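Engineer: One-letter residues, chain by chain:
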Amino acid sequence: MLTLTKDRALALALLLMVAVMWVESGSIRPPTSWQPYGSALFPRILLVTIGLLSVLLLVRSLFTRVTPVASWRTEISDWFTRRKIVVALFVLFGLYAALLPLLGYIVATISFLVASFALLLGIDTKRKWAINLGISLTLVPLVFVIFRYGLNVWLP
Amino acid sequence: MTNFFLQALSEVGSFSVMGLIILGVLFGIIGGSIPGFTVTMAILVVFPFTFAMDPVSGVSLMVGVFVGGYSGGIVSGVMLGIPGTPSSITTVYDGYPMAQKGEPGRALGIGVMSSFLGTIISVDVLVFFGPLIASFSLNFRPWEITALIIFTLTLVAGLSNGALLKGLLAAALGLLITTVGYDRNSNLRFDFDLPALSSGFEMLPVMIGVFAFSQLLGNIEKLRDGDGNGKAWTPTCRFLTAKL
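Protein sequence lines, in the order shown, are assigned to chains A and B.
Throughout the first sequence, residue numbering follows my numbering, covering 1 to 156 in sequence.
Throughout the second sequence, residue numbering follows my numbering, covering 1 to 244 in sequence.
Quick caveat, the hints were computed from the structure, so don't treat them as lab data.
Since we're looking at a predicted model, the values are computed, not measured.
Treat each hint with caution, since some may be false.
To be verified - Partial selection, computed: residues in chain B whose CB lies under 10 Å from chain A:
(1) 106
(2) 115
(3) 169
(4) 173
(5) 185
(6) 191
Glycine residues also receive a C-beta, built at the ideal position from the N, C-alpha and C atoms.
The whole structure should be built from the sequences, with the hints applied where relevant.
Structural biologist: Next up, the structure:
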């Protein structure tokens, strides 16, 4: 059974992206008499190039000797276990982006920072909580004041 | 031309203007060393203060911020592996590994010295060859620009450091990113019906995503993994008190 190495995963992800982008390139306005090549030509040349290079990367990775792993499931589970903090941070980023317009800058950002610091620092001692809340509760209002009154930029 | 130089020197050489230049350079270095805070943003921050100044002082302050900002980008590039400004991207390639090997001072010194020499050389070139280059650049037509772009793409081979295939892929992906949004003929490309994508990708967010974000996530992984001896990372603020 084939092992999913970094190069193979990259090549497959790029090929998937090329397929999606190629389909999307169909919605670009077709060529006209004054623009005979159309706006889709250059992106499609790039997509073909990326596709060919990805295939080359995939083929080359197949000839590279790798240490076999127990199973795909174990490998994926290990990957998530090793990177659970990073994955959780991505989830927090997504939540922050979604909640920012609803809750406003101050509430959303303080919540995001407290949650992120809790994730990164831990919550087992009072000292960590003090660092967490100290940074979150001072940094956010400070940035708000700089943007709102110093730079005249309105934050949500 | 010598008269103009002497006149400019006497204007800039005054105590107040020199003070403003030093202040501008310091602010620029601080601004440039913050990843994502561009030199343009640093100039915009000091711009309102120039309204109350005479033209020489205002321009001197902004030139100070401009020069300091580009030099400041070296700091985060060398220390964190995150270029503070787009111009310091290549500094990361050599400076960050040097900092990791315990030579951050040397890396910063070389960077600052190179930045200084580069500035002096570019000022000389601008002064002596500026009018000549300006008239020559007006002759640039699409094929010359295409040749220039092809030349920049050949640099990929030099910068790929042994991984040419991935270097070419990265270059092609970079070019593909620039096609998102409206093109020159006002045709929309790859917007996926999302209004936010219609204006394409700005250089700054892409740079933060590619360099800063990936570096930060990599650091988080390393910190959580510990030092490889089963010793996990625990936060300390000791460095702050030690420095203060």
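Engineer: Against each hint, give a clear statement of whether it holds in the structure.
Structural biologist: Going through the hints against the structure:
The interface hint given for residue 106 of chain B is violated, since its Cβ lies 31 Å from the closest Cβ of chain A, which is over the 10 Å cut-off. Using the Cβ-Cβ criterion of 10 Å, the hint placing residue 115 of chain B at the interface with chain A is not satisfied: the shortest such distance is roughly 27 Å. About 5 Å separates the beta-carbon of residue 169 of chain B from the nearest beta-carbon of chain A, less than 10 Å, and the hint is met. The criterion of a C-beta within 10 Å of any C-beta in chain A is met by residue 173 of chain B, whose closest approach is roughly 7 Å, and the hint holds.
With its C-beta approaching chain A no nearer than about 6 Å, residue 185 of chain B sits inside the 10 Å limit, and its interface hint holds. The criterion of a C-beta within 10 Å of any C-beta in chain A is met by residue 191 of chain B, whose closest approach is roughly 9 Å, and the hint holds.
Violation of the numbered hints given earlier is confined to hints 1, 2; the remaining hints are satisfied by the structure.
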